[in-house]
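Residues per chain, in single letters:
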Amino acid sequence: MFKVERHRRIKEILKDCRQIEVSSLSNLLEVTDATIRKDLEELEREGFLTRFHGGATLNSKETDTPVGTSFVNQITEYDKNKEDIGRTAAQLINEREWIFLGPGTTSYYIACALRDRININVLTNNFLVAQALYNSPGIRVIFWGGQVEYPGFYTIPDNLEKEFENMYLDKAFFSIDGVDMNAGYTLSDRPVYDLISMIKTRSRETIMVFDYTKYNQRAFMKIGSLDFAATIVTTPAIPDDYKQYFLKHKIQIYTTYDLKPINF
Amino acid sequence: MKSFCIQTRSLSKIADRTLLTDIDFTAYSGEVHAIIGNNGEGKTVFAKLLSGVRSKTNGSIFLDGTELHFSDPYSAQKEGIYILQQEPVLFPDLSVRDNITMGVEKHIQKRCFWAPSVRKLDSVCRSYLKNFGLESLNLNAPVSALTAMEKLMIQFCRILICNPKVLILDEPSAMLTNTEIEMLFHFLEEYKKDRIILLITHNYSVLLNHCDRVSFMSDGQIEATFTVDELAAPSSQAYLERLKMSFSYPTMHLSPEEEVINISSLSTDFLSGIDFSIHRKEIVSIAGLKKEQKESLISALLHKKGITGGSVTFPESKQQPLISLISDSPAYEMLFATQSIPFNITASDFRRTREHLFTSAKKMRSYGVHYFQKLHIKDADIHTPPMYLSTGTKQKVILARSLFKRANIYIYDEPTKNLDSTGKLDFYNILNALALEGASILLISSDYSEMIGMSSRVILVKNGCQAGNYSTNYLSAETLSKELE
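Here the protein sequences line up with chains B and L, keeping their order. For the first sequence, my numbering gives the first residue as 1, with consecutive numbering after it. For the second sequence, my numbering gives the first residue as 1001, with consecutive numbering after it.
Quick caveat, the hints were computed from the structure, so don't treat them as lab data. Hints should not be assumed to be uniformly reliable.
Within a straight-line C-alpha distance of at most 25 Å, the following computed SDA-like cross-link-like pairs (lysine to any residue) qualify [to be verified]:
1. B/K260 / L/R1352
2. B/K243 / L/N1408
3. B/K250 / L/T1044
4. B/K260 / L/D1413
5. B/K248 / L/S1235
6. L/K1378 / B/L259
7. L/K1378 / B/D180
8. B/K3 / L/N1408
9. L/K1192 / L/E1031
10. B/K248 / L/T1044
Build out the structure end to end from the sequences listed, making use of the hints.
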């Protein structure tokens, strides 16, 4: 395994478990203890972690949430594609805007990418988003109360119409479960359907975020055809027919490219 | 001369996929008939079928009532059908005179055993070049040194000498500035008498002023044909609207960070008063540069050569920073055709593939595969010889080479000129990602909407002087093109 790749893996692992022994790292990555020690030393210089005898612990700055209260780690697996999408999507958000981040882990990654930004207003019903942003001083978060939907970690307000009275947003981000040429955008969580249709009418822009695994998939409820949202953020491997469709319908397509330099 | 028409009946072309289906089309003499549609709808294929460059699969073509059968451009030319193609068809090392008259001598001097004299050729060349304000062109100079517009006009003159009955112009406006387009149409206004002129374009703004009839093409079919007067009617508006909405650019305005390039009142032999700066994470475009002005700006940036006044500084770095340049030469010229793709990608920085004293093929390959995957090159694999790659993929390999350089500053000169809309989309998103990584990008372009869509500022150069430095927030392509006129 190359060094860059190793560093990335170590960071991932450490973000997941926060504290780890040299021996388990060397087992996981199949390299010698000496190599891991050297890597940890370099990562310590980067300020990513603190070493202790026989292992290392994540620095608090890198910690997503205070250790112990986190449920993010329990329900989300690290997903590089979604993180890339989050990074790109976050760039579409400008200062002073009001945005909505919908249910789903992709929204969580958008929120993570927003942490160091300032002067942004976020409306959300997603616990993960709230958790990612609650201690970011530059971001105002409004969390919507309501009935908690357990598997997705979000709430559904009792009375959508009333909640949304006199409320207008700049951008709304939604992730969906399926993108299909015939079926359009589809969702499996029924309650989210009403939410999306409601918010779309109140938002200047609706932005769909999804990765390549969603193409040619169908879920339960159709929220709209593929031109439902004027902007999409996705991974670059868009199947050709979808790409043609999007271009033809003048949909603004943002794709993620990870151009971090690499050394072999 | 009596009027005539060119007609097609259920003309189809099927190559790797269906390109054209059942086209019934008629154009009459004395008219400029435009065929308009977005990229990749089959306009060029249609033009190539009519002119014999590609062969049809089904259907028939009639000129003045008689059916035509041709298998190559020459047999079409015998019927008087000529095409001005998009890509240059020239002998790069031959002189302007030879390029204009090569192969068309028999039209210059009929029934003569001897080749026409140079004097005669010169006078013929000048008389045609005069139509486009190029009479002062040096006829002995090789064409490789000329601008795109001059090259195009040389090909055009070669066709005009043959006195075509049917003249097909494939996207002439792609190469020309607005004034040059005006000049071309002014010429056609007179010339279209007793001829059929077919104009292939995706640029609708030329239509209303200069064409007599317009056919809309979509997905390999002619959808509708209108006269220009009918275009004003509401029924045809829908077609126009669809064209007007061009490409949606993935605009991304990052907040620029520290200043990376500072150009203050720079003058060179070809430029004066150039004054702008580029920041980290910023894409800036520059418009209105002619070939030699472009070159002098690039050499001032790269080598600080030819600077007669003002300065170019890089406030961020102590020495000259790494700059990666992609020039506007066609992709095939920039690739090592006989070398592998990994070689082509790593060619910008061989030191990184070094293992001891030699370059390591293994490292080269790893980098090659890495960039291949990063840029999601689909229609080829790492072993494909570069010459078999499609235009879009070639451009991506060149882009990969430029990325491999890991420069701080990227200068891209007309990078999307030969790309179709999917290729463009990929390119623009890579550009965004590059800026996101902290690069500074200077985009030299002549596509106004591209500049507005992708960059945060547009620098406008007119006759070698800087005419403006605009933020793209409140700028439209129309304003820009007006400013440049």
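Status of the hints after comparison with the structure:
1. About 16 Å separates the Cα atoms of B/K260 and L/R1352, which keeps this hinted pair within 25 Å; it holds.
2. Restraint check: the Cα-Cα separation between B/K243 and L/N1408 comes to about 31 Å, which exceeds 25 Å; the hinted pair is violated.
3. Annotation: proposed proximity of B/K250 to L/T1044 holds, straight-line Cα distance about 22 Å (limit 25 Å).
4. The straight-line distance between the Cα atoms of B/K260 and L/D1413 is roughly 23 Å, inside the 25 Å bound, and the hint therefore holds.
5. This hinted pair checks out: B/K248 and L/S1235 have alpha carbons roughly 21 Å apart, not beyond 25 Å.
6. Note on L/K1378 and B/L259: the hinted pairing holds, with a Cα-Cα distance of about 18 Å set against a maximum of 25 Å.
7. Straight-line distance between C-alpha atoms of L/K1378 and B/D180 comes to about 21 Å, which keeps the hinted pair within the 25 Å bound.
8. For the hint pairing B/K3 with L/N1408, the CA-to-CA distance comes to about 23 Å; that is within 25 Å, so the pair holds.
9. The suggested pairing of L/K1192 with L/E1031 holds, with an alpha-carbon distance near 6 Å, which does not exceed 25 Å.
10. With a C-alpha separation of about 18 Å, the suggested pair B/K248 and L/T1044 falls inside the 25 Å cut-off, and the hint holds.
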